[in-house]
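Novice: Each chain is listed here by its residues.
2 protein chains.
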Amino acid sequence: MTTDAKQSSRDRLLEAAAALAYTEGVGVGVEALCKAAGVSKRSMYQLFESKDELLAASLKERAPGYAAQLLPGADDGRSPRARVLHVFEQVEAQAAAPGYRGCPFLAVQVELKDPDHPASRAAGRAKGELLAFFRGEAVRGGADDPELLARQLVLIFDGISARAGVRADSPAGLLMPTVTTLLDAAGLR
Amino acid sequence: MTTDAKQSSRDRLLEAAAALAYTEGVGVGVEALCKAAGVSKRSMYQLFESKDELLAASLKERAPGYAAQLLPGADDGRSPRARVLHVFEQVEAQAAAPGYRGCPFLAVQVELKDPDHPASRAAGRAKGELLAFFRGEAVRGGADDPELLARQLVLIFDGISARAGVRADSPAGLLMPTVTTLLDAAGLR
Chain Z
2 MTTDAKQSSR
12 DRLLEAAAAL
22 AYTEGVGVGV
32 EALCKAAGVS
42 KRSMYQLFES
52 KDELLAASLK
62 ERAPGYAAQL
72 LPGADDGRSP
82 RARVLHVFEQ
92 VEAQAAAPGY
102 RGCPFLAVQV
112 ELKDPDHPAS
122 RAAGRAKGEL
132 LAFFRGEAVR
142 GGADDPELLA
152 RQLVLIFDGI
162 SARAGVRADS
172 PAGLLMPTVT
182 TLLDAAGLR
Chain A
2 MTTDAKQSSR
12 DRLLEAAAAL
22 AYTEGVGVGV
32 EALCKAAGVS
42 KRSMYQLFES
52 KDELLAASLK
62 ERAPGYAAQL
72 LPGADDGRSP
82 RARVLHVFEQ
92 VEAQAAAPGY
102 RGCPFLAVQV
112 ELKDPDHPAS
122 RAAGRAKGEL
132 LAFFRGEAVR
142 GGADDPELLA
152 RQLVLIFDGI
162 SARAGVRADS
172 PAGLLMPTVT
182 TLLDAAGLR
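These protein sequence lines are chains Z and A, in that order. Here the first sequence stands for residues 2 to 190, where the numbers follow the numbering used here. Here the second sequence stands for residues 2 to 190, where the numbers follow the numbering used here.
Fair warning: there could be bad hints in the mix.
Which copy? The list can't say, so a pair holds if one copy fits it or any two copies do.
[Said to hold, decoys possible] With a straight-line cut-off of 20 Å between C-alpha atoms, the simulated SDA-like cross-links for lysine to any residue are:
1) K114 - A97
2) K114 - A98
3) K36 - V140
4) K52 - V29
No lab work stands behind these hints: they were computed from the structure.
Working from the sequences, and respecting the hints, build out all of it.
Specialist: Below, the structure is given as C-alpha cells:
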C-alpha cells in the first residue's frame, strides 16, 4: 500500500465515522464503518487502535470545519453582539436542513454517557472552543458577567441542538428572542 | 405461569429497560435486559412484541413518576413563578447525584435519532406534558407571550439536561439566573 493510498483510507474512515455516528449513532458497527469507507477491517485496525479511537479522531478532524461554519471570521469588524448572534443565525439555518440532528459533538457525548471516553473528550474540547469564543465576545462587549453569559449561550446552543435535533421544537420564533433576552440582560454591546 | 408472576416479569422488564437505557443507552441488548430482569427471552417476547416496544412501554410507565418528582403539587397555593422555579430547583438537585445523566426522555430521543420510533414518541409525549405545565403557569402568571415562555423553559430544561448530563457544565450559578432572567423578561408573576 502506498503512502497516498494509506492517507486516503484514513480519510475515508474518518469521514465514514463522522457521517455514520451522526446519522446512526456511536453504536454503529466496525463492519458498517469499514464497508462505508471501502476499507478492510484489517486496514482499519492498522490505522486506528480501536473504533473508539477512530470515532475520537473523526470528531477531532471535524472540529475546525464545524467551527468555521458556525463562527464569524476573526476581526470582521462587527460588534461582539452581532458576532454572537451570527452563531445562532447559523444554527437556525442548519436546523432547517432535513438531515439536521443537532450538534454532532453533543450527540456523541449524550450517547456515550462517559465523559472519559476518548470521543467524549474530543467532543468536549470542540464545545470548549465555542464556550471560549462566547467568553471572548462577552468580555469585549462589556457583559456584566462574561463567564455567566458564555455558559448561558452554550446552554441555549445545546438546548436548541437537542430540541431541534430530535424535532421536538424548531428555532423559529424561539432561538433569537431567547438569545436577545440574555444578551440584553447581560448588557452586551 | 400465574397472572401474578406474569405481572412481575413485566414489571421487572420495564424497570430493567428504564434503568439500562438510562445508564447504557438504547443500544442495550435484549440478552442484557432479560438477564437484568431475570426473565427468559421467550417470556419477554410473550410480553412485548419487540425491544422497541419494551423500551417505549418503560418510558410510558416512567413518565408519571418523573413528572411527580419534577412538578409541584396541583394547587399548592404558590405563585406561577414559584411553581416554575420549583421544577428547576428539582433539576438542580437531581443533577447533583453521581448517576445523573440528564433527562431520560431527551437522551432516548437523541440516541434513537428517529422521531417516529415508538420510544421517541413516548418520550415526546412526556416532554409535551412538561411544556403544557409551563404553558399553564405562564398563562396564569400573566406572561407576555405564554407559548414563547413555555418553549424557552423547555429549551433551558433540555439544555441543562444535556450539559449537566454529560458533565460539560453544572446547574450551579447558571440555571436559576438564566430562568429568572427569562421569567423577568416575560413578566411572569
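Novice: Run every hint past the structure and note whether it holds.
Specialist: So, going through the hints one by one against the coordinates:
no. : hint       : result
1   : K114 - A97 : between (28 Å within a copy, 16 Å between copies)
2   : K114 - A98 : between (27 Å within a copy, 15 Å between copies)
3   : K36 - V140 : neither (47 Å within a copy, 54 Å between copies)
4   : K52 - V29  : both (9 Å within a copy, 18 Å between copies)
When each numbered hint is compared with the structure, a violation occurs for hint 3 only.
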